[in-house]
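Colleague: Given chain A, work out where chain B should sit, using these hints.
2 protein chains.
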Amino acid sequence: MLQNIRIVLVNTSHPGNIGGAARAMKNMGISKLVLVDPVEFPSGKAVARASGATDVLDAAQVVATLEEALVGCNLVFGTSARERRIPWPLLDPRESASKGLEELQQGGEIALVFGREYAGLTNEELQRCQYHVHIPSDPEFGSLNLAAAVQVLTYEMRMAYLAAQGQPTKMNKLETTAMLNAQPVTADELERFYGHLESTLVQIGFLDPLKPRHLMSRLRRLYGRAGISKLEMNILRGILTETEKVARGEPHKRRDD
Amino acid sequence: MLQNIRIVLVNTSHPGNIGGAARAMKNMGISKLVLVDPVEFPSGKAVARASGATDVLDAAQVVATLEEALVGCNLVFGTSARERRIPWPLLDPRESASKGLEELQQGGEIALVFGREYAGLTNEELQRCQYHVHIPSDPEFGSLNLAAAVQVLTYEMRMAYLAAQGQPTKMNKLETTAMLNAQPVTADELERFYGHLESTLVQIGFLDPLKPRHLMSRLRRLYGRAGISKLEMNILRGILTETEKVARGEPHKRRDD
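Sequences listed follow chains A and B, in order.
In case it helps, our numbering puts the first sequence at residues 8 to 264.
In case it helps, our numbering puts the second sequence at residues 8 to 264.
Looking at chain A on its own, in the form it has when it is part of the complex:
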């Protein structure tokens, strides 16, 4: 589905930015790059900044006009850094990804269009776009680097795509969760731990059974919040057992003796 997204860079001045955009795209699983009248391309500077995304640069299509770049596109988003005199449907990157994904899911092709480093897109170019997208930057310092803007919009597209696929947006989320909580302790195991903790604290003289104050309830809140696994519980119980031994004056023992 991501192959139906094209990234269109209009009249880019610095070839390094083309390379940076190619890298950002490839990081997000997007490969179709269209360059409208680039100032310098191909370029060694683009290859250097692409940092391995040379396949994206090699396959880039170079055209003379925005009109050619958009042939076959069903939905076009134009990035806009400034307010325009002509009001236009304005989206933030997340909304644009959501709308773009709808189009992709219906089998359509979409374009994300990025303007010149200093001047952005002209009004005429912006009027070829159904939607304008604005990255909500600080108004006092609003203009992102071109490759950084490509990174943000393609990141949002990928987030929307992964969410729609039902895929985790983090690597091995399920595995991590599974391992972390693989065997969560049960309430009774937790109670036995608190009992063990309490008696150990009494043995080392930290807890006075006659003046317990709120000590145990504070410790219950802390450990209860952490969501302890069985493995972690074994470690904590092991620490308590060794502490009891030293409190009884038994010789210290290494785990592996």
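Be careful, since some hints might not be right.
When chains are identical, the list treats them as one kind, so a pair holds in a single copy or across two.
[To be verified] Below, a list of computed lysine-lysine pairs in the DSS-like style, where the Cα atoms sit at most 30 Å apart: (1) Lys106 to Lys39; (2) Lys39 to Lys237; (3) Lys252 to Lys106; (4) Lys252 to Lys218; (5) Lys237 to Lys106; (6) Lys252 to Lys39.
Derived from the structure by calculation, the hints contain no laboratory data.
Modeller: Leaving out everything else, chain B in the frame of chain A:
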């Protein structure tokens, strides 16, 4: 509120990336930059890529270790490109922004930590972070440019911040949380606790310094997850101090004797 976010770049090789990161930060309204042992800084290449964000570079703090960079931080997010053997609470950038914002709303300070261009953060550095953040890039081409990664995470922070400005309904829940964790511990306090914990475990013979295995990292994960308050930290440190006394064979003492 955004002024309580610090961006920490560890051992950056290319000064251009420091400049790109500064620009990305300033675009998102974030200004506090901390550089841990940068290879080349200050640098004209950084200024060139910063493209006007020279105030961020000028105010950047240069320190020798990650530990120094995190002094005073309540919540630390470390970016991670690869799988680790020991699973850790893993967030995507949006989730990290949501968690980070909660901490900021309680008056805390947070850090987003970014590793070396090629090698990322070491396991030891990652263990100083309560959460790991992974940008859901294409597994086949997963490594983003450093400044691009800074752009994505700071963009999500800004999106969360702007959304929160328009939603005052969350205040009651946050106030409750704020009261529970009235004074969250800072990263340096947490590190001192881990040091105390480790030496105590050695003293009672539970931890063999020659065969440490993953014990300390597992305990770091557990306590890091819990979000310990200053009050709770005092209790835990008190327990360790009493345990050390019994390990040394000193007479047990009640708290109120």
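Colleague: Please work out whether the CA atoms of Lys252 and Lys106 approach to 30 Å or closer within one copy, between two copies, in both situations, or in neither?
Modeller: neither (39 Å within a copy, 41 Å between copies)
Colleague: Can you give me the call for Lys237 and Lys106, within, between, both or neither, at a CA distance of at most 30 Å?
Modeller: Both: 19 Å inside a chain and 26 Å across chains, each within 30 Å.
Colleague: Pop the pair Lys106 and Lys39 into one bin, within, between, both or neither, using alpha-carbon distances up to 30 Å.
Modeller: within (19 Å within a copy, 35 Å between copies)
Colleague: Are the CA atoms of Lys252 and Lys39 at most 30 Å apart within a copy, between copies, both, or neither?
Modeller: neither (43 Å within a copy, 49 Å between copies)
Colleague: Reference check for the pair Lys39 and Lys237, CA-CA at most 30 Å: within, between, both, or neither?
Modeller: For Lys39 and Lys237, only the intra-copy Cα distance (25 Å) is at most 30 Å; the inter-copy one is 40 Å.
Colleague: For Lys252 and Lys218, with the copy left unspecified, which applies at a CA distance of at most 30 Å: within, between, both, or neither?
Modeller: both (24 Å within a copy, 21 Å between copies)
When held up to the earlier numbered hints, the structure conflicts with 3 and 6 and fits the remainder.
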